[in-house]
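> Spelled out, the chains give:
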Amino acid sequence: MGQVDSTIPISVTSAPTWRRVRAFYPVISLFVLLGAWQAGVMLFQPAPYLLPPPMAVANVIVSQFPSLVYHSGVTAFETTLAFVFSILVAMPIAFLIARFRWFEETVYPLLVVSQAVPKVALAPLILVWLGFGLSTKVMIGVLVAFFPVIISTVVGLKSVPKDMVYLGRSMGLSAQDMFRKIYFPFALPSIFGGLKVCITLAVVGAVVGEFIGADKGLGYLILLASGQMQTALMFAALIFLVLIGVVSFALVQWAEARLMPWHSSVRQDAGH
Amino acid sequence: MGKPIRIEHVTKSYKGLEALSSTSLLIGEGEFVSIVGPSGCGKSTLLRIVAGLDTPTNGRVSVADRVVTKPETDIGIVFQSPVLLDWRSVLDNVLIQAEARKLPHDVYAARARDLLAAAGLKGFESAYPYQLSGGMSQRVSVCRALVHNPSLLLMDEPFGALDALTRDQMMVDLQKLWLRSRPTVVFVTHSVQEAVFLSDRIIVMAPRPGRVEAVLDVPLPRSRRLSMRGTAEFNAIVDEILHHFQRMGVIRDDDGETPDNTTMEMAL
Chain D
258 MGQVDSTIPI
268 SVTSAPTWRR
278 VRAFYPVISL
288 FVLLGAWQAG
298 VMLFQPAPYL
308 LPPPMAVANV
318 IVSQFPSLVY
328 HSGVTAFETT
338 LAFVFSILVA
348 MPIAFLIARF
358 RWFEETVYPL
368 LVVSQAVPKV
378 ALAPLILVWL
388 GFGLSTKVMI
398 GVLVAFFPVI
408 ISTVVGLKSV
418 PKDMVYLGRS
428 MGLSAQDMFR
438 KIYFPFALPS
448 IFGGLKVCIT
458 LAVVGAVVGE
468 FIGADKGLGY
478 LILLASGQMQ
488 TALMFAALIF
498 LVLIGVVSFA
508 LVQWAEARLM
518 PWHSSVRQDA
528 GH
Chain E
14 MGKPIRIEHV
24 TKSYKGLEAL
34 SSTSLLIGEG
44 EFVSIVGPSG
54 CGKSTLLRIV
64 AGLDTPTNGR
74 VSVADRVVTK
84 PETDIGIVFQ
94 SPVLLDWRSV
104 LDNVLIQAEA
114 RKLPHDVYAA
124 RARDLLAAAG
134 LKGFESAYPY
144 QLSGGMSQRV
154 SVCRALVHNP
164 SLLLMDEPFG
174 ALDALTRDQM
184 MVDLQKLWLR
194 SRPTVVFVTH
204 SVQEAVFLSD
214 RIIVMAPRPG
224 RVEAVLDVPL
234 PRSRRLSMRG
244 TAEFNAIVDE
254 ILHHFQRMGV
264 IRDDDGETPD
274 NTTMEMAL
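If you read the protein sequences in the order shown, they are chains D and E.
So for the first sequence, the working numbering puts the first residue at 258; every next one is plus one.
So for the second sequence, the working numbering puts the first residue at 14; every next one is plus one.
Don't read these hints as lab results, they were simulated from the structure.
Keep in mind it's a predicted model, so treat the numbers as computed, not measured.
Fair warning: there could be bad hints in the mix.
[Stated by the list, open to error] Straight line, CA to CA, 30 Å or less: simulated DSSO-like cross-link-like pairs of lysine-lysine: (1) E:K115 / E:K83; (2) E:K115 / D:K415; (3) D:K419 / E:K83; (4) D:K438 / E:K115; (5) E:K135 / D:K438.
Only chain D is shown next, with the shape it has when bound in the complex:
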């Protein structure tokens, strides 16, 4: 017993320190990677249009900073809209699928089959229909990103335990309250799983939209830089794209932690 007691204070004080140290691990591996890149370029001297050294990329980021921020803003805006519209489209469909057997039987197979269509291949068609504006990018983003939200929401709503439904009915909950107080909160962890996939796919959709026809956005910038063999600029644009992906994912995760502090995916004490 005494042994157990004496270990407790140690683990309590050392765990946060350990966590702080471990937070630097990815930073360390990133610098190792950049060092290897720089060393490789110095060693093999490839043509700059094939592989620029990291310092050249850094220089471009500094010199083209306003332009990169502008194009990032465009792509981030398209991504956000695609994400929001994905939710607006997917949630009601998911609710209907979970609620009505006939709706599930009529719509679900179609949805699954539709996912076999490579959505990138649909992009030119969307371009023909919607033109060169914002709506094309958002539409492609939604097409690419909405499906995981449907799946995860349906799974979440359908996994409410039978006894929990009995409980709600025995309390006389109305259909609306049953949804608000039981089904929706119960499905929330699963829904967030889908939203995390959705946000990363929304970035992909936006960039694909910019590839096929745009005069702004990071996808456009990458194509432009590619045409002019400005490889360092391409790398810079890619880095900003990664930043958009990481930041938007982190925002979803932050919302998750705010909305459901009780869930094991969020709690500090759970897992490892």
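Once you have looked at the hints, place chain E on chain D.
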């Protein structure tokens, strides 16, 4: 005070398979009735039918002379698992009953705190379900079933997932809580001792198809103490129930043969 329950010629079939054959029972107001029996004897089915959560194939159930056609709401239910809502604190889990019924929050918050304290959960009102042990969670779910002062309390193997020591404490606490408001209780269990300790009357059910095998009175005085389980009166009733199970072939007193039914250990 509880309402009486009248079960008349109730049967239940699933896809032509008879789960419960014609059952009739009268349960008095404020009576504590246990249903004991092995798996597959239709005891949970009967409980759901009384709650209006399932419809009988034939026959009918009335609560206080009103035929049950939809889920009863003047009711508290406790399941084998606590079924707490993970996203609500302990207090809010109990208070969902008041919320669902649009009852005044302040009055019921005070009542819920009082009940939680009586169930040994003082200080845990703002804890979340993931912070509770199995026994504590089940206590919360008992409080949730009682907070709106229902006339009917239905319990479906509520202590089945708990360890033996916790079960003993839960029995004592349940008796205490029940004596405060005296709802009519239908308590489904595998445990003969639990049934005898808690009940005014015990329904012994037989499996395949589910049917009532015997009805026994438990004339032991209240409030009962755990030590009562050592008395001759207590054990006489336990033996009588076990005798019924032996006669049904649910348990066999034969060391040379392995019983084909897993309910043996649970019945003991």
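> Flag every earlier hint the structure violates by its number, smallest first.
none
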